[in-house]
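Asks: This is what each chain is made of:
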Amino acid sequence: MSHDHEHTEKRPHDMGGDEAGPVDTVDHGMKFWEKQANALRYTLTSRKLVRLDELRRAAEDLGERYYKLEYFERTTEALRTVLLEKGMFTEVELEAKIAEVRKRHGAL
Amino acid sequence: MARFEAGGAVRVKRAFPRGHCRTPYYIRGKQGVIERVCGAFPNPEELAYGFDGEPKRVLYRVRFPQSEVWPDYSGPRQDLIELEIYEHWLEPA
Amino acid sequence: MSGPTSEYEIMSRAMQELLEEKGVITAEQVRRRMEQFDEEFPARGSRVIAHAWADPAFRKRLLEDGKAACAEWGLDLEAERLIAVENTPEVHNVIVCTLCSCYPRALLGMPPTWYKSENYRKRVVREPRAVLKEFGTVLPGHVTVRVHDSNADMRYVVVPMRPACTDGWSEEQLAEILTRDTLVGVTLPQARAP
Chain A
4 MSHDHEHTEK RPHDMGGDEA GPVDTVDHGM KFWEKQANAL RYTLTSRKLV
54 RLDELRRAAE DLGERYYKLE YFERTTEALR TVLLEKGMFT EVELEAKIAE
104 VRKRHGAL
Chain B
8 MARFEAGGAV RVKRAFPRGH CRTPYYIRGK QGVIERVCGA FPNPEELAYG
58 FDGEPKRVLY RVRFPQSEVW PDYSGPRQDL IELEIYEHWL EPA
Chain C
3 MSGPTSEYEI MSRAMQELLE EKGVITAEQV RRRMEQFDEE FPARGSRVIA
53 HAWADPAFRK RLLEDGKAAC AEWGLDLEAE RLIAVENTPE VHNVIVCTLC
103 SCYPRALLGM PPTWYKSENY RKRVVREPRA VLKEFGTVLP GHVTVRVHDS
153 NADMRYVVVP MRPACTDGWS EEQLAEILTR DTLVGVTLPQ ARAP
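Protein chains in written order, with our numbering: chain A, 4 to 111; chain B, 8 to 100; chain C, 3 to 196.
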């Protein structure tokens with residue numbers, strides 16, 4: 004990286020120009036839940052219930068976790084953050100619903 | 008009223024806000040030319056935090072030679088990169 | 003569907019169900035969006051660009067104002083503003099969003115996994131020719147490679163050069179060779195005689 008302002012913190016999402024390996028040029032598509040998560044996102048933004056800018060900001064604020072999560076994991080975390088900020092539901096309500104959904108899926 | 012017009016020489020400010028912005032790190036401090044005026048849009052740096060982003064800010068497409076952006080650019084000298092930069096990130100070059 | 007249900011799938015479904023219960027959205031709205039992304043959006047780009055190839059006046063309008071030209075043709079790009087960039091014998095365009103994954107979704111559907119990948123986002127702005135080579139696209143040195151980083155409010159689509167041997171082809175035939183990858187600029191349309 005040949006930036007002459009290296010001393011100033013650059014955040015993980017701001018990655019243009021960084022060194023990286025070859026591109027996996029195959030399109031691996033989307034799983035069903037990812038398509039649904041994407042549709043949820045756009046249902047909310049098109050009704051202006053959340054803004055894309057808020058979702059981007061929340062994803063960027065993931066910091067080091069940014070690279071540990073996959074694309075739709077990041078967008079889901081970001082959506083959770085913004086919906087909680089807006090009071091669309093509380094953390095208590097969300098945790099309860101997560102437990103219910105988890106039970107239904109038989110997952111641990 | 009747009010401050011710059013197509014063809015004008017501009018430089019991207021070397022600014023380092025802590026929060027959300029749409030000016031990538033790699034283009035800060037670089038000099039380019041206005042390719043077009045895109046129009047005025049609510050400021051994403053404020054929209055990101057729940058504000059309405061008004062008054063709108065003028066957005067420009069700015070064209071840069073790749074050799075200006077990357078000192079070690081290995082392609083031909085005429086290669087270009089173009090980004091959208093908000094007016095408050097630009098100063099005359 | 004394969005593998006155990008991930009924590010994020012559970013979180014996403016939970017959020018959706020809560021919002022439905024609270025009357026913020028309906029299941030039908032989400033379902034309709036999924037259909038649009040799966041069935042409507044992906045076919046649009048090829049048809050619009052094929053029409054631009056076939057109709058020089060439309061092509062001119064598309065290059066001047068992408069969204070208005072699409073609207074006139076019956077395509078509502080919703081909130082997206084579109085800039086169509088044309089390839090010429092001297093210029094080759096390629097699109098990226100280094101900061102996230104902005105993409106003309108209402109015109110092309112969902113971006114491919116490679117477009118959203120770290121390696122593409124990191125490298126295509128800095129070494130576009132090397133990245134294009136990984137897609138099998140090699141450009142001569144006299145051609146200008148013009149990278150567009152969709153970093154703010156505009157969205158981009160490439161108008162590739164029309165292969166000479168497609169003379170007399172119908173718009174349907176033209177649309178078939180205008181694959182998604184050609185409209186993002188990582189490959190060139192491949193024409194075989196029909």
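No lab work stands behind these hints: they were computed from the structure.
Heads up, some of the hints might be wrong.
Claimed, not checked - Here are some, though not all, of the chain B residues that point toward chain C, as calculated from beta-carbon distances under 8 Å:
no., residue
1, Pro31
2, Tyr33
3, Lys37
4, Val40
5, Leu54
6, Tyr56
7, Phe58
8, Ser74
9, Glu75
10, Gly82
11, Pro83
12, Leu90
As the list claims (entries may be wrong) - With a cut-off of at most 30 Å between alpha-carbon atoms, the simulated DSS-like pairs for lysine-lysine come out as follows:
no., chain 1, residue 1, chain 2, residue 2
13, C, Lys62, A, Lys89
14, A, Lys51, B, Lys37
15, A, Lys38, A, Lys100
16, C, Lys24, B, Lys37
17, A, Lys71, C, Lys62
The beta-carbon is built from N, C-alpha and C at its ideal position, and this holds for glycine as well.
Asks: Looking back at the numbered hints, which does the structure fail to meet, lowest number first?
Replies: 3, 4, 5, 6, 7, 8, 9, 13, 14, 16, 17
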